[in-house]
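*Asks:* This is what each chain is made of:
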Amino acid sequence: MKRTYSWVTYLQVAPLSLVFLLFLVVPIVTIVVVSFFDYSTTRIIPAFLLQNYEELLLSPVTWRTYLQTLEFAVITWGLTLLIGFTIAYYLAFHVRSPTWQTVLFLVCTIPFWTSNVIRMISWIPFLGRNGLMNSALLHLGLIREPLEFLLFSNFSVVLAYVHLYTLFMVVPIFNSMVRIDRSLLEAARDGGASGWQTLWNVILPLCKPGIAIGSIFVVTIVMGDFVTVRLMSGGQTASVGLMMMNAMSLLQYPAAAANAVVLLILVLLTVAAMMRLVDIRKEL
Amino acid sequence: MLRQRKGPAFWLLTFFFCLFVLFLYGPTITIVILSFQGPAGGLTFPMRGLSMHWFGNLFEKQMVGDFAGSFQRSIALGLATMVVTVLASFAAGLAFRSRFRGSTVIFYLAIASLIVPSILISLGIGLLFRVLGLDTAWYSSAFGAHLTWTLPFGLLIMFAVFNRFDRRFEEAARDLGATPWQTVRHVIVPILLPSLIGVGLFGFTLSYDEFARSLYTAGTFNTLPLEIYGMTTNVTTPVLYALGTVTTGLSFLAIALALVSAIILRRRRERLGSDAGKAA
Chain A
1 MKRTYSWVTY LQVAPLSLVF LLFLVVPIVT IVVVSFFDYS TTRIIPAFLL
51 QNYEELLLSP VTWRTYLQTL EFAVITWGLT LLIGFTIAYY LAFHVRSPTW
101 QTVLFLVCTI PFWTSNVIRM ISWIPFLGRN GLMNSALLHL GLIREPLEFL
151 LFSNFSVVLA YVHLYTLFMV VPIFNSMVRI DRSLLEAARD GGASGWQTLW
201 NVILPLCKPG IAIGSIFVVT IVMGDFVTVR LMSGGQTASV GLMMMNAMSL
251 LQYPAAAANA VVLLILVLLT VAAMMRLVDI RKEL
Chain B
1001 MLRQRKGPAF WLLTFFFCLF VLFLYGPTIT IVILSFQGPA GGLTFPMRGL
1051 SMHWFGNLFE KQMVGDFAGS FQRSIALGLA TMVVTVLASF AAGLAFRSRF
1101 RGSTVIFYLA IASLIVPSIL ISLGIGLLFR VLGLDTAWYS SAFGAHLTWT
1151 LPFGLLIMFA VFNRFDRRFE EAARDLGATP WQTVRHVIVP ILLPSLIGVG
1201 LFGFTLSYDE FARSLYTAGT FNTLPLEIYG MTTNVTTPVL YALGTVTTGL
1251 SFLAIALALV SAIILRRRRE RLGSDAGKAA
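First to last, the sequence lines map onto chains A and B.
All letters in the first sequence, in the order written, are residues 1 to 284 by my numbering.
All letters in the second sequence, in the order written, are residues 1001 to 1280 by my numbering.
For the record, the hints were derived by calculation from the structure and aren't laboratory data.
Quick reminder that beta carbons are idealized off the backbone N, C-alpha and C, glycines included.
Any given hint could be a false lead.
Claimed, not checked - Covered, in the sense of this in silico footprint (three residues per stretch, anywhere, with C-beta under 8 Å from a C-beta of chain B), are these stretches of chain A:
# : region
1 : 30–39
2 : 75–87
3 : 107–113
4 : 117–123
5 : 126–139
6 : 217–223
Just chain B, with the same shape it has in the complex (with noise of 0.2 Å):
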């Protein structure tokens, strides 16, 4: 071990740490709280008085925007990037353990997928469209530009996953007659999902927050990120905190299921951790 004892390294560190922490959630708490200002409050402190008052006007029909239509896009975008994110990195994650003609080029396509900046894609894809004489819409283009920044962190999750992977269960799996897809679907998926899950959610909140990569694809009808910011240009009332209030909730609350999985699995593995001898 490093140290020993505790000494005034470790609590100068605690010290950073704990003001990191801060700065990282003091805003967001700020806002939270100040979504339920009065009706009478504003943009910052102080508080006039406490209310569901700016919640309620979020659901109303007379708000600038689609709140609830660009909502049910996001997340209808979001699952469908997720489902498409877990398939294809795991095939690919498959197809990277021998070395094949053309990985090369596939691994570093999958890099440049993640340092060529988010604008660039979603100007190529519009200016591709154009060209086209197709119309940019968020289920067609910026899907396809939501999954070129999902891909890449699945492919790159998987590599790290297989490298850990035990390949004498999928020996064993062989030796004893399984065919491949028994071997895949009885073996392998068992054994990676939780970071199969992981790699999901990844996807879903990457897409679910995407703005950049939206922007010139998503065409007529706006996804959430879209809409929040074209709130804050026009939007001075605490509407927009009770907005940020319920997207941040709602990422929290994709967070937790991630992680209660996670869990659950864990105990569950331990708990049937070896089967061996319990078969009748």
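One chain only, chain A, in its complex shape (with noise of 0.2 Å):
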């Protein structure tokens, strides 16, 4: 581009700025000034104190909630990254037309554009009490009683997260699999590499872009989750989200703005880990 059109550059991506800057920048400074404000039950007090995050620290409900957060981030990274793996390795080397390709890929995503709250309370009819899954297992005499930890609990908690998020694992592995150069493989089987060996030793470090990329969206997700959490377990589980969330409800502002400070680091350095297996602005 010309130097004489670097005006026109500017106007062309100040929109974009501005929101980004009015909206995500300002905020988060907002967030973390107020995390040092004073409170009383009624409203916060402009001063600087530590005395949010010294309550927050020192609380042991606090670590626990944290530990049950990760413990949710690590166990549905694990299952959306087998799962979403199969489904992208089945859809980009065994289905070979590509029109199916493409049709079997938008029946994946379709679920994905309708929304998060009535794909959570659909699981209800199948997972309650007198549900489908207790119906069906009592039908076959494989249980006496309903089975009690289907619904409103860590399990159906996770299960919701898999169900939501596998998506995310899936389309970045795909994009990095469909973009594997097919001789390679026909190298690897020619050298005499079975098919696990080509899978391990020549697909899989191919696809640790696309896996980092899924792996940031689905743990930073499930980091900062509280509906799924608040839904699925009928309130018997904590999440960092929804513990901000009760503190906001209390109006505890600067108590929920710490929280959310401490959320916000965790979250980061996490990502900031991933990021380095990975340009991000290379995969593009």
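Now that you have both chains on their own, put them together as the hints suggest.
*Replies:* Dropping the structure here:
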């Protein structure tokens, strides 16, 4: 582009940058500032206190909640990676006609465009005490009493996560896989590699960027989640997001802000670790 | 090709894929069926008759909450988000084709906008408005909050699209004396139209279904996902499923529209593919 047009370039990025500035940067700065504020039962008072952080970090509840959230993140990450990789592998290497590939890929992505809350509650008739799962198991004589752990438990929370977010793994991993040069696979086979060896030593390393991008999505979403935990655990499990929500409903904004800052740092550290594996800008 | 014959691995993976699709769609299909419960029916099977009772219930006045109002607000917000997402990401996509001072910063802001948990954005904007003494509303604070979610996706899609764009079309236009604006209007936009429609529908559905980013930013009047969420704690009748069926149906309609327009555009392009030598 010619130098003379540089003001055009800035005009072109202006709307986007303005949105990020006003609705991302300034709000985050606000959170950080408010996290040092004092508060009473009715209002927030500008101050510079470390008390919000002290109360947060010295409470065993906080640590338990963070651990619980991390546990959800790790389990969900493992499951979505396993399922997402398998589905992407099937679509990329076993479905040969491009038309079928597109159709099946769409079949996987369409649910993503529908409401998450609705998708969560649609598990109720399935997993409930009188739900389909329990009826089926009772009918088959596999259990004598309805299983209670199916709904409103950590099990149903993880199930909902996997249900909602596996797609975030499928898409980037599939994207990495279709770009793999097929002659590499032939070379591996000619060199005497078994199917597993090709998968492990050729395909998997080449999918690393896709895996990293999918992992970043899944892990950050689960770490900041509160809707799924709230709806699917029936109020029996906590998450960091829920903790913030509770503080907000008690009008303890500075306490919620301090928690938000801690969560943000944790998320950014996690992402930074994953970004070391991949240069996102090269992947587009 | 990896496999010449369809071995056991193929069938095993096909089976796994079918299970996955069942897992994705099964619950939704269940609530669609249950939303046609008879008036005496409950939240689970068995079906007690078939009726449209709960759909009627949905549009009655005495229902819990304000379904019609929140629905209109979500549609309006979704459309506004769609328009701004298309325009802003297309413009930014054009700019990002050359390196400029600050491009890295903006790129990382876009990535940050994707990875910062939604609840933090929601909380931050809510706090900001409170500190400034402004009222949050779906058309101001929630609008901005939704854009922080749709714009990064839009920008990344535009990156991918422009990476595959053949710049020779543009150079040809310039050589033939087109102004930069004419080049954009008559060359770039027509070529990228399918992608732009894609970005638009992406933006619409992301906004239409957004919950977390609306939570502390929507103000007095709820958007649809907030209304649905409120209903999940209050409503214990199949009217909830009726609502689920209606909103899911609407999302499917949006997707169908996107697919059909993509197919039509492709057909048209194949038909009109090259107009070389056809000019008068």
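*Asks:* Give a verdict on every hint.
*Replies:* Hint-by-hint comparison with the structure:
no. : hint    : in the structure
1   : 30–39   : holds (count 3)
2   : 75–87   : holds (count 3)
3   : 107–113 : holds (count 5)
4   : 117–123 : holds (count 6)
5   : 126–139 : holds (count 6)
6   : 217–223 : holds (count 4)
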